[in-house]
Amino acid sequence: MIKETMTSKERVEAAIKLEPYDRVPVAPLMDVMFPSRHKGMTVAYGISHWRDGFQAIVDIFDEVGGWDAMILPGYSLALTPKVASGVMASMGTRGYKFPGQDAAVSENSQPQYEERERLTVDDYDEIIKHGWSGFAERNRERYTSFPPEQIIAWAKKQTEHYAREGETWAQKGVPSLCGAIVESPLMFLSTKRSLTSFTMDLHRIPDKVEAVMDAMVDEFITDTIEAARLTGIPGVMLVLERGGCFYYPLKIFERFEFPYMKKMIEAFAAEGLITVMHFDQDWTLNLPYLKELPAKMCVCELDSTTDIFKAKEILKGHMCIVGDVPASLPAIGTPEDMEAYCKKLIDVVGDGGGFILSSGCTIPADAKFENFKTMIDTAKNYLPAR
Amino acid sequence: MSELAEAIAELNEDEAKRLVREKIDTGVEPMSIVDECRQGMDIVGERYKSKDYFLSELIVSGEIFKEAMAVVEPLLKAGEQADCMSKMVLGTVKGDIHNIGKDIAGTLLTAAGFEVYDLGIDVAPGVFIDKLVETGAPILGMSGLLTPSFESMKETVKAVEAAGLRDKVKIIVGGGIVTEQVGKYVGADAFTSDGPEGVEICKKFAGRQSK
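Those protein sequences? They're chains A and B, same order as listed. Residue numbers for the first sequence follow the working numbering, beginning at 1 and rising by one. Residue numbers for the second sequence follow the working numbering, beginning at 1001 and rising by one.
Some hints here could point you the wrong way.
To be verified - Reference listing, derived: stretches of chain B covered by chain A, where coverage requires no fewer than 3 residues with Cβ under 8 Å from a Cβ of chain A: (1) 1032 to 1045; (2) 1162 to 1174.
Claimed, not checked - Sample of chain A residues with no beta-carbon within 12 Å of chain B, all distances over it, derived: (3) GLY66; (4) VAL83; (5) TYR96; (6) HIS161; (7) THR168; (8) ASP280; (9) ASP303; (10) GLY333; (11) GLY353; (12) ALA365.
As the list claims (entries may be wrong) - Label-pair distances were calculated between CB atoms; the ranges are: (13) B:ALA1070 - A:SER145: 35 to 45 Å; (14) A:LYS310 - B:GLU1015: 13 to 23 Å; (15) B:ASP1052 - A:GLU4: 43 to 53 Å; (16) A:LYS157 - B:GLY1126: 53 to 63 Å; (17) B:ALA1070 - A:ARG164: 52 to 62 Å; (18) B:MET1001 - A:PRO206: 41 to 51 Å.
No wet-lab data here; the hints were simulated from the structure. Fair warning: this is a prediction, and the values are worked out from it, not measured in the lab. We put the CB at the ideal spot given by N, CA and C, even for glycine.
Chain A extracted, bound-state conformation (with noise of 0.2 Å):
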């Protein structure tokens, strides 16, 4: 064991700020399950019973000797107490089919997003005259059974939900990075009109999608920052997958893309919160775009299909890098190649600072224990050459 010299929440905070750490730390997406499955529930359990599919993650935590941060605290969502915040989250949730509640998912399965229009082409307008809000307020029923005093009172205890699970973390002297999760305005409209049907309208209607996100993007800066505020966490997670290199050329993303992901990292930094970009699917050829933001005050967090490598090489000295074992690794690789590719990180990626190491996503429901535990212990122990 290298002997360390930091406490976590320091050693993460030198990384986030590129200065010298001891070692590097190791943080990963950790949800809810994997610890339901190591401890013997279902993921279905895990997820449906809040309190305890969380004490499975902090069981899991206290079994490999804790690891440093957790990047979400839990899996509690941070809303802010409006209609709309509700409708949100019920769109998303309800893209879901959730474990044991489909023949197709089963009980151990992760939830599973299906692809399919939750907004329709006629609903731009709508978002445009009357915002993301006038938009939620007018349609809610569309998307959720529940009225608006319930949807209320279930976004608190939601977000109260989220504070307790940051609590809990702080009382074990781990940092969480993210006090609130928001998607881009591209993410979220690809995701609620369908990957085909949004490709389609970037393509055939660019201006009005264009006039859509301007409605949307300062309604979900002021909602992140004021549920940031509400969970007590200095940083959010930038949920990113869908305007990279892998679905779009680089014109799409100039236009659609990164003018709102920069807009609101400037105003969380602002805000002094921390953006950590979770970015699934490759991103390899928009890294160079990411020097253009705030130095230090966000976090390039990646899943393995974009070239951590070059990322390291490119956002040096700018940003910390976040990732990135691949999912498949845990799942079906063995001890040993986890290290292999463990130490490879922290060699390469670790090198002169500003690198945690982490699961690339979230930890799959059937790692293996002897995997996970595998690379939480190479960050603890190995000890780069130079």
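Assemble chain B onto chain A, guided by the hints.
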């Protein structure tokens, strides 16, 4: 390159629609229209390979191609089919309901001349086997986005073996997190996380190289 092929390659939806209608109205053989559309899709695939196009262009061109086929296919004479590259069975494996990658692959394979039997999502091993037996398809494509799909892929490969089809059927697995390690783990002949690359692999399986 024909005007129609160019319109598809340039993602000019309105022009492609107009040209298809014009060709039908002027008595052009429907099969010839199909061939022109496929030529356009081939160019899209080439531009994707050279990184001039991205997934979005595959999606847009695929939608234009499907719109054209919806008009032209009913006009094909009974029994008339485009030169079939090969039959192929395709689906997202048991326990996985993700369809984006599978659908894009299906469109690209169809445009490349494959006769695709798309079984949809959450497809059990036995359903794949039944369709392979029914159609005699020599290629099986399985898609999955989640790690548990690896076990379903593996079970399906074993079912293909148990059915005595393994030496007759080439198997390719695909998906966003499918790696070489996954391909080996499940016992597939090939793997990909890239639609056009998957089409090229299937062409090789069918004994046809890309033009």
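Against the structure, the hints come out as follows:
1. 1032 to 1045: Our answer is that it is violated, as 0 residues pass the Cβ test (under 8 Å) against chain A, missing three.
2. 1162 to 1174: Violated - the segment 1162 to 1174 of chain B has 0 residues with a Cβ nearer than 8 Å to chain A, which falls short of three.
3. GLY66: At roughly 25 Å from the nearest Cβ of chain B, GLY66 (chain A) sits farther out than 12 Å, so the non-interface label holds.
4. VAL83: holds (30 Å)
5. TYR96: violated (10 Å)
6. HIS161: holds (26 Å)
7. THR168: holds (28 Å)
8. ASP280: violated (8 Å)
9. ASP303: ASP303 (chain A) not clear of chain B: closest Cβ-Cβ about 8 Å, inside 12 Å.
10. GLY333: violated (7 Å)
11. GLY353: With a cut-off of 12 Å, GLY353 (chain A) remains clear of chain B, as the shortest Cβ separation is near 29 Å.
12. ALA365: violated (7 Å)
13. B:ALA1070 - A:SER145: 35 to 45 Å: Holds, since ALA1070 (chain B) and SER145 (chain A) (Cβ atoms, about 37 Å apart) stay within the stated range.
14. A:LYS310 - B:GLU1015: 13 to 23 Å: Cβ of LYS310 (chain A) to Cβ of GLU1015 (chain B): about 38 Å, so the range 13 to 23 Å is violated.
15. B:ASP1052 - A:GLU4: 43 to 53 Å: Distance hint for ASP1052 (chain B), GLU4 (chain A) holds at roughly 50 Å.
16. A:LYS157 - B:GLY1126: 53 to 63 Å: violated (44 Å)
17. B:ALA1070 - A:ARG164: 52 to 62 Å: At roughly 54 Å between Cβ atoms, ARG164 (chain A) and ALA1070 (chain B) fall inside 52 to 62 Å, so the hint holds.
18. B:MET1001 - A:PRO206: 41 to 51 Å: For MET1001 (chain B) and PRO206 (chain A) the Cβ distance comes to about 26 Å; the hint is violated.
Hints 1, 2, 5, 8, 9, 10, 12, 14, 16 and 18, counting from the list given before, are not met by this structure.
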